[in-house]
Amino acid sequence: MQSSDGGWGAFEPENTQYYLNNIPFSDHGALLDPPTADVSGRCLSMLSQLGETAANSEAARRSLDYMLKEQEPDGSWYGRWGMNYVYGTWTALCSLNAAGLGPDDPRVKRGAQWLLSVQNKDGGWGEDGDSYKLDYRGYEQAPSTSSQTAWALLGLMAAGEVNHPAVARGIDYLIAEQKEHGLWDETRFTATGFPRVFYLRYHGYRKFFPLWALARYRNLKRANATRVTVGM
Numbered sequence: 038m039q040s041s042d043g044g045w046g047a048f049e050p051e052n053t054q055y056y057l058n059n060i061p062f063s064d065h066g067a068l069l070d071p072p073t074a075d076v077s078g079r080c081l082s083m084l085s086q087l088g089e090t091a092a093n094s095e096a097a098r099r100s101l102d103y104m105l106k107e108q109e110p111d112g113s114w115y116g117r118w119g120m121n122y123v124y125g126t127w128t129a130l131c132s133l134n135a136a137g138l139g140p141d142d143p144r145v146k147r148g149a150q151w152l153l154s155v156q157n158k159d160g161g162w163g164e165d166g167d168s169y170k171l172d173y174r175g176y177e178q179a180p181s182t183s184s185q186t187a188w189a190l191l192g193l194m195a196a197g198e199v200n201h202p203a204v205a206r207g208i209d210y211l212i213a214e215q216k217e218h219g220l221w222d223e224t225r226f227t228a229t230g231f232p233r234v235f236y237l238r239y240h241g242y243r244k245f246f247p248l249w250a251l252a253r254y255r256n257l258k259r260a261n262a263t264r265v266t267v268g269m
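Okay, so the sequence shown: first residue is 38 according to our numbering, each after it adds one.
Keep in mind that the hints are not guaranteed to be accurate.
Here are the in silico distance ranges between beta carbons for each label pair [to be verified]: (1) Phe231 x Pro50: 17 to 23 angstroms; (2) Asp167 x Glu49: 28 to 34 angstroms; (3) Pro180 x Thr266: 31 to 37 angstroms; (4) Asp167 x Gly139: 30 to 36 angstroms.
When the alpha-carbon atoms are kept at most 25 angstroms apart in a straight line, the in silico DMTMM-like pairs for lysine to aspartate or glutamate are as follows [as the list claims (entries may be wrong)]: (5) Lys146 x Asp159; (6) Lys258 x Asp159; (7) Lys106 x Glu95; (8) Lys146 x Glu107; (9) Lys106 x Asp141; (10) Lys158 x Asp209; (11) Lys258 x Asp167; (12) Lys258 x Glu214; (13) Lys158 x Glu214; (14) Lys106 x Glu89; (15) Lys170 x Asp111; (16) Lys216 x Asp165; (17) Lys216 x Asp159; (18) Lys158 x Asp102; (19) Lys146 x Asp102; (20) Lys146 x Asp209; (21) Lys158 x Glu107; (22) Lys106 x Asp167; (23) Lys158 x Glu177; (24) Lys158 x Asp111; (25) Lys106 x Glu49; (26) Lys106 x Asp159; (27) Lys244 x Asp165; (28) Lys146 x Glu89; (29) Lys244 x Glu217; (30) Lys170 x Glu109; (31) Lys158 x Glu217; (32) Lys106 x Asp209; (33) Lys258 x Asp141; (34) Lys170 x Asp209.
It should be emphasised that the hints constitute simulated quantities derived from the structure, not laboratory data. For glycine and all other residues, C-beta sits at the position ideal for the given N, C-alpha and C.
Work out the full structure, taking the sequences as your base and the hints as a guide.
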């Protein structure tokens with residue numbers, strides 16, 4: 038399933054015949070399933086947890102090379118299946134951590150710094166679907182959401198930033214936004230069907246991602262640890 042460039046798509050390898058997106062009935066421009074950083078990052082994380090490293094596994098080495106190549110000039114990573122650069126950067130930082138790149142690695146530092154730079158004033162994170170515009174590649178600010186805040190926090194903790202004040206502010210945001218029923222309300226669409234065509238609101242996102250981030254923060258703090266020892 039690994040493509041020749043070292044990455045993975047969601048459904049099959051080598052689905053990169055981009056000319057097909059220009060034929061008349063390709064109205065969404067989405068006939069393809071090319072490798073993406075978010076899918077590839079998960080695969081690299083899994084390989085790493087199974088003991089496959091760049092030193093002993095050609096697949097892991099190529100995957101790590103792919104992830105590093107896909108980093109944007111501003112330090113972020115594009116997210117195909119979740120909105121958008123916050124999602125991609127979370128997955129990438131988790132995979133780099135799993136692959137053994139520590140918080141002092143310049144690529145990890147740049148990714149963490151990018152997440153810090155786009156934190157909203159209320160302590161949360163949010164990103165709009167306009168970040169998928171054809172004529173623009175970059176983050177578009179939006180009101181904070183519980184799921185996107187959790188993604189950013191998980192990415193920062195994977196980058197060794199559990200003690201950064203911005204992480205504490207993000208945790209405070211999630212706690213403040215937790216409702217009496219124990220979960221979070223979220224009306225914005227944070228998952229991606231086809232970029233620029235339609236977006237999704239998975240009701241599970243507002244439940245398990247915030248809990249995931251809060252639990253990881255609690256566990257790291259209790260252990261007085263800064264390193265995440267799992268792939269995601």
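A quick look at each hint next to the structure:
As the Cβ distance of Phe231 to Pro50 is approximately 21 angstroms, the hint placing it in 17 to 23 angstroms holds. For the hinted restraint 28 to 34 angstroms between Asp167 and Glu49, the CB-CB distance of approximately 29 angstroms keeps it satisfied. One distance hint, 31 to 37 angstroms for the beta-carbon pair Pro180 and Thr266, holds here, with the actual separation near 33 angstroms. Against the hinted window of 30 to 36 angstroms, the Cβ-Cβ separation of Asp167 and Gly139 comes to about 34 angstroms, which satisfies the hint.
Simply put, Lys146 and Asp159 have alpha-carbon atoms about 23 angstroms apart, close enough for the 25 angstroms limit, and the pair holds. For the given pair, Lys258 sits about 22 angstroms from Asp159 by alpha-carbon distance, which is consistent with the 25 angstroms threshold. For the hint pairing Lys106 with Glu95, the CA-to-CA distance comes to about 16 angstroms; that is within 25 angstroms, so the pair holds. Between the alpha carbons of Lys146 and Glu107 the distance comes to roughly 15 angstroms, so the proposed pair stays at or under 25 angstroms and holds.
Of the pairs offered as hints, the one joining Lys106 and Asp141 holds, with about 18 angstroms between alpha carbons and a cut-off of 25 angstroms not exceeded. A hinted pair counts as satisfied when its Cα atoms are at most 25 angstroms apart, and Lys158 with Asp209 qualifies at roughly 12 angstroms. Of the pairs offered as hints, the one joining Lys258 and Asp167 is violated, with about 36 angstroms between alpha carbons and a cut-off of 25 angstroms exceeded. Simply put, Lys258 and Glu214 have alpha-carbon atoms about 21 angstroms apart, close enough for the 25 angstroms limit, and the pair holds.
At roughly 14 angstroms between alpha-carbon atoms, Lys158 and Glu214 fall within 25 angstroms of each other, so this suggested pair holds. Proximity of Lys106 to Glu89 is assessed by CA-CA distance (about 20 angstroms); at most 25 angstroms being required, the pair is judged to hold. With a C-alpha separation of about 17 angstroms, the suggested pairing of Lys170 with Asp111 holds against the 25 angstroms cut-off. Straight-line distance between C-alpha atoms of Lys216 and Asp165 comes to about 24 angstroms, which keeps the hinted pair within the 25 angstroms bound.
Only pairs whose Cα atoms come within 25 angstroms are accepted, and Lys216 paired with Asp159 is accepted, the gap being roughly 17 angstroms. For the proposed pair Lys158 and Asp102, the alpha carbon gap of about 35 angstroms is over 25 angstroms, so the pair is violated. Straight-line distance between C-alpha atoms of Lys146 and Asp102 comes to about 17 angstroms, which keeps the hinted pair within the 25 angstroms bound. Between Lys146 and Asp209 the CA atoms are separated by roughly 23 angstroms; this keeps the pair inside 25 angstroms, and the hint holds.
The suggested pairing of Lys158 with Glu107 is violated, with an alpha-carbon distance near 29 angstroms, which exceeds 25 angstroms. At roughly 24 angstroms between alpha-carbon atoms, Lys106 and Asp167 fall within 25 angstroms of each other, so this suggested pair holds. About 15 angstroms separates the Cα atoms of Lys158 and Glu177, which keeps this hinted pair within 25 angstroms; it holds. Under the criterion of a C-alpha separation no larger than 25 angstroms, the hint pairing Lys158 with Asp111 is consistent with the structure, at around 20 angstroms.
Note on Lys106 and Glu49: the hinted pairing holds, with a Cα-Cα distance of about 21 angstroms set against a maximum of 25 angstroms. Our distance criterion of 25 angstroms between C-alpha atoms is broken by Lys106 and Asp159, whose separation comes to about 33 angstroms. The hinted pair formed by Lys244 and Asp165 meets the criterion: a straight-line CA distance of about 20 angstroms does not exceed 25 angstroms. At most 25 angstroms may separate the alpha-carbon atoms for a hinted pair to count; Lys146 and Glu89 meet this at roughly 24 angstroms.
Straight-line distance between C-alpha atoms of Lys244 and Glu217 comes to about 13 angstroms, which keeps the hinted pair within the 25 angstroms bound. In summary, the hint linking Lys170 to Glu109 is supported, as the alpha carbons are separated by about 16 angstroms, within the 25 angstroms threshold. At most 25 angstroms may separate the alpha-carbon atoms for a hinted pair to count; Lys158 and Glu217 meet this at roughly 24 angstroms. Only pairs whose Cα atoms come within 25 angstroms are accepted, and Lys106 paired with Asp209 is rejected, the gap being roughly 34 angstroms.
At roughly 20 angstroms between alpha-carbon atoms, Lys258 and Asp141 fall within 25 angstroms of each other, so this suggested pair holds. Restraint check for Lys170 and Asp209: the C-alpha separation of about 32 angstroms exceeds 25 angstroms, so the hint is violated.
Violation of the numbered hints given earlier is confined to hints 11, 18, 21, 26, 32, 34; the remaining hints are satisfied by the structure.
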